[in-house]
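Visitor: As a plain string of letters, each chain reads:
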Amino acid sequence: MNSAVKTNERAGIDFGRALKDGVIVGIIAFALLGPLVGLKTEQNMSNELIVQNRLGLAAILSVIVGVGRFLLSAFIYPRIAARGNRSKAAATLAELEARAKLTQGLSIVGLIFLFVYPLLIISLFGVQGSIKWVDNYGVQILIYVMLGWGLNIVIGLAGLLDLGYVAFYAVGAYSYSLLAINFHLSFWVLLPIAGMLAAFWGIILGFPVLRLRGDYLAIVTLAFGEIIRLVLINWKAFSGGSAGISSIPKVTMFGIYSFDVSAPNNFAKAFHLAASSAYYKVFLYYIILMLALLTAFITLRLRRLPIGRAWEALREDEVACRSLGINTTNTKLTAFAIGAMFGGFAGSFFAARQGFVSPESFVFMESAVIVAIVVLGGMGSMIGVALAAVAMIGGTELLRELDFLKAVFGNDFNPDQYRMLIFGLAMVGIMVWKPRGFVSARQPTAFLFKRKTVSGDLVKEGHG
Amino acid sequence: MSAEDNKPLLTVRGAKTYYGNIIALKGVDIDVNRGEIVTLIGANGAGKSTLMMTICGNPRAREGSIVYDGQDITRLPTHEIARLRIAQSPEGRRIFPRMTVLENLQMGASIDNMEFFDTDIQYMFDLFPRLKERINQRGGTLSGGEQQMLAIARALMARPKLLMLDEPSLGLAPLIVKQIFDAIRELNRKDGLTVFLVEQNAFHALKLAHRGYVMVNGVITMSGSGRELLENPEVRAAYLEGGAH
Numbered sequence: 001m002n003s004a005v006k007t008n009e010r011a012g013i014d015f016g017r018a019l020k021d022g023v024i025v026g027i028i029a030f031a032l033l034g035p036l037v038g039l040k041t042e043q044n045m046s047n048e049l050i051v052q053n054r055l056g057l058a059a060i061l062s063v064i065v066g067v068g069r070f071l072l073s074a075f076i077y078p079r080i081a082a083r084g085n086r087s088k089a090a091a092t093l094a095e096l097e098a099r100a101k102l103t104q105g106l107s108i109v110g111l112i113f114l115f116v117y118p119l120l121i122i123s124l125f126g127v128q129g130s131i132k133w134v135d136n137y138g139v140q141i142l143i144y145v146m147l148g149w150g151l152n153i154v155i156g157l158a159g160l161l162d163l164g165y166v167a168f169y170a171v172g173a174y175s176y177s178l179l180a181i182n183f184h185l186s187f188w189v190l191l192p193i194a195g196m197l198a199a200f201w202g203i204i205l206g207f208p209v210l211r212l213r214g215d216y217l218a219i220v221t222l223a224f225g226e227i228i229r230l231v232l233i234n235w236k237a238f239s240g241g242s243a244g245i246s247s248i249p250k251v252t253m254f255g256i257y258s259f260d261v262s263a264p265n266n267f268a269k270a271f272h273l274a275a276s277s278a279y280y281k282v283f284l285y286y287i288i289l290m291l292a293l294l295t296a297f298i299t300l301r302l303r304r305l306p307i308g309r310a311w312e313a314l315r316e317d318e319v320a321c322r323s324l325g326i327n328t329t330n331t332k333l334t335a336f337a338i339g340a341m342f343g344g345f346a347g348s349f350f351a352a353r354q355g356f357v358s359p360e361s362f363v364f365m366e367s368a369v370i371v372a373i374v375v376l377g378g379m380g381s382m383i384g385v386a387l388a389a390v391a392m393i394g395g396t397e398l399l400r401e402l403d404f405l406k407a408v409f410g411n412d413f414n415p416d417q418y419r420m421l422i423f424g425l426a427m428v429g430i431m432v433w434k435p436r437g438f439v440s441a442r443q444p445t446a447f448l449f450k451r452k453t454v455s456g457d458l459v460k461e462g463h464g
Numbered sequence: 001m002s003a004e005d006n007k008p009l010l011t012v013r014g015a016k017t018y019y020g021n022i023i024a025l026k027g028v029d030i031d032v033n034r035g036e037i038v039t040l041i042g043a044n045g046a047g048k049s050t051l052m053m054t055i056c057g058n059p060r061a062r063e064g065s066i067v068y069d070g071q072d073i074t075r076l077p078t079h080e081i082a083r084l085r086i087a088q089s090p091e092g093r094r095i096f097p098r099m100t101v102l103e104n105l106q107m108g109a110s111i112d113n114m115e116f117f118d119t120d121i122q123y124m125f126d127l128f129p130r131l132k133e134r135i136n137q138r139g140g141t142l143s144g145g146e147q148q149m150l151a152i153a154r155a156l157m158a159r160p161k162l163l164m165l166d167e168p169s170l171g172l173a174p175l176i177v178k179q180i181f182d183a184i185r186e187l188n189r190k191d192g193l194t195v196f197l198v199e200q201n202a203f204h205a206l207k208l209a210h211r212g213y214v215m216v217n218g219v220i221t222m223s224g225s226g227r228e229l230l231e232n233p234e235v236r237a238a239y240l241e242g243g244a245h
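First to last, the sequence lines map onto chains A and B. The first sequence: position 72 = 72 (the working numbering), numbered continuously. The second sequence: position 121 = 121 (the working numbering), numbered continuously.
Bear in mind the hints are in silico, worked out from the structure with no lab data behind them. Each hint should be verified, as a subset may be incorrect.
[Unchecked claim] Residues on chain B that point at chain A, a partial pick, calculated with CB under 10 Å:
#1 Cys56
#2 Ile73
#3 Thr74
#4 Pro77
#5 Ser89
#6 Ala158
#7 Met164
#8 Gly171
#9 Ala173
#10 Val177
[Stated by the list, open to error] Restraint ranges, calculated between C-beta atoms of paired labels, are given here:
#11 Glu115(B) - Asn234(A): 52 to 58 Å
#12 Phe364(A) - Ser65(B): 46 to 52 Å
#13 Ile307(A) - Leu175(B): 54 to 60 Å
#14 Ile22(B) - Leu210(A): 44 to 50 Å
#15 Ile204(A) - Ile22(B): 33 to 39 Å
Positions of the beta carbon are idealized from the N, C-alpha and C atoms, including for glycine.
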């Protein structure tokens, strides 16, 4: 009888206790915050200290704390307890397949959403109002999704910690800018060239660091990123120094329509639409979407090929790889080169989109953000990396929208300034709860007996 | 048997291997004939694993020569040696923990003879039925014995002419050790597979092997048939007394 009550308690949510918890914690928080936050001393004109009453703010904060505690006790703690009880038996074949199906379903829904997103936004906010949502959110996030997927090949699959990935992004951006301005070549010609140049630099970086692993590799790649940036700053004749390169040509719609306002074949004019930069942004959105999907497609294909398998094996055990006849030198170099190539693609897209590049865009912070996306997403997981890019970059953009918080914290409050703090906290939180990233499970690329009815066979033969 | 068959498959002559300035192998001579199981026994740090790794070219022998199947492989890079059908199951098993059993086996199969994959994998299941049950499970979730079976099966997927095993009995229960040694004997008897076995478990290894070598401090001190060594008083005193009988 007693045990029956106990199991009941564990299964359901005990709102009463959670409410009690919440109220008590709220009161304690108010007792603490009351004097700490609620009372503020300030100097007035005649140099006297005046106590300012901010008990309202203290009360709001206490309520937030109390509600937080309520949510924790009501939903999160029981869940954690339940997870502890669940046996951590190895996933069965059926479970793996169900999971694979779910991921597939989610990917299809996600893809459809990505393709209709600009149309959805235009219908919601109008042509002019769509710019912010398509450009700041859509394009910006997709650039980082693509960079994350590119770096995922190097870090996630091949297990080579590369902290200088932004260097290849820079190579791509400067390749496009310089070749487009000096040789008047189109984006569509220069995109593959930029990718090749970046891949070339990937190999250049790869050669000297072939013997390095882990921390040592990370430091050398970090230095490489800085070297590229410093060369761009100091070699003024080549790159324009820290002033950068401006008026980089826009992408054309395969030479048929242009997005230059002055051009005779301007897209808006040709279709008798009101002049707006929104069309260009939507066009850019689809380009980067296609580029990102190309990255994903190639990565998924490569994972099924011997080279992709070799990357993953290399991440797991280099000695074993060599004893199985894998040329580790070539395997590492291809990982660097292919990862760098996608960085180069993204870089040339970035240059075309901004119309301006300077070394300022390629600081170490960028590399760190991309690495953070890969690590948060779960190394090797495509969907995880995409989710992490949405959270990191979309989250940053969202913080700019939190103006209503000024009503609570006063006019000086700028949520944007707390962005790094919030990210730090969020990352610590994710690393505590999901230490291997959002999506930590590695999807096997091969199944035996998948479409055969033999799977019962697997369960039966319990002796060996 | 033709004359070819009587020639040794692997010949090591005067191999000297260094780790930095420290000499690990002080000129080692061994022969492994076709169709033989040859074992190398010795104490910890004698240089057994070093000899095996030297044959694979990692590290390379600074002096001496290693001839395999009529070809000098002393200076070849490791991956090219492996492609000559010398399969190695390294010390500590070294399977790929995050990959499934099937993917591990695929890694072992060389790309140029993928057409044998299905028959080969079926053969591995006959040899180690346990692997069949675990086929879609991650390598890292297997027990030690299963991992060892996987490591051997992965090496066999390359259809080797010479299989080199480094301490396959390490850390395994006696029953599992017996299973694995039985499998090795089976492979040798049925397919004529040549096996070079490095072992600490001298009793089992010498019982299994046709011939054996004893290594002390980077030098081969004794050699002979498995039975000779088993009955040799020096070997008994050093490696067998008080051991498993």
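Visitor: If a hint holds in the structure, say so; if it does not, say that too.
Guide: How the hints compare with the structure:
1. Cys56: This interface hint holds because 6 Å falls under the 10 Å limit.
2. Ile73: 13 Å, violated
3. Thr74: 17 Å, violated
4. Pro77: Result: holds, 8 Å to nearest chain A Cβ.
5. Ser89: Since the shortest Cβ distance to chain A is 8 Å, the answer is holds.
6. Ala158: Holds - the Cβ of Ala158(B) comes within 10 Å of chain A, reaching about 7 Å at its closest.
7. Met164: For Met164(B), the interface hint holds, since the closest Cβ of chain A sits about 9 Å away, which is under 10 Å.
8. Gly171: 18 Å, violated
9. Ala173: Hint on Ala173(B): violated, closest Cβ of chain A at ~14 Å, above 10 Å.
10. Val177: Where the cut-off is 10 Å and the nearest Cβ of chain A is about 15 Å from Val177(B), the hint is violated.
11. Glu115(B) - Asn234(A): 52 to 58 Å: 57 Å, holds
12. Phe364(A) - Ser65(B): 46 to 52 Å: 50 Å, holds
13. Ile307(A) - Leu175(B): 54 to 60 Å: 40 Å Cβ-Cβ, so the 54 to 60 Å window is violated.
14. Ile22(B) - Leu210(A): 44 to 50 Å: 25 Å, violated
15. Ile204(A) - Ile22(B): 33 to 39 Å: Since the Cβ atoms of Ile204(A) and Ile22(B) sit about 35 Å apart, the hinted range of 33 to 39 Å holds.
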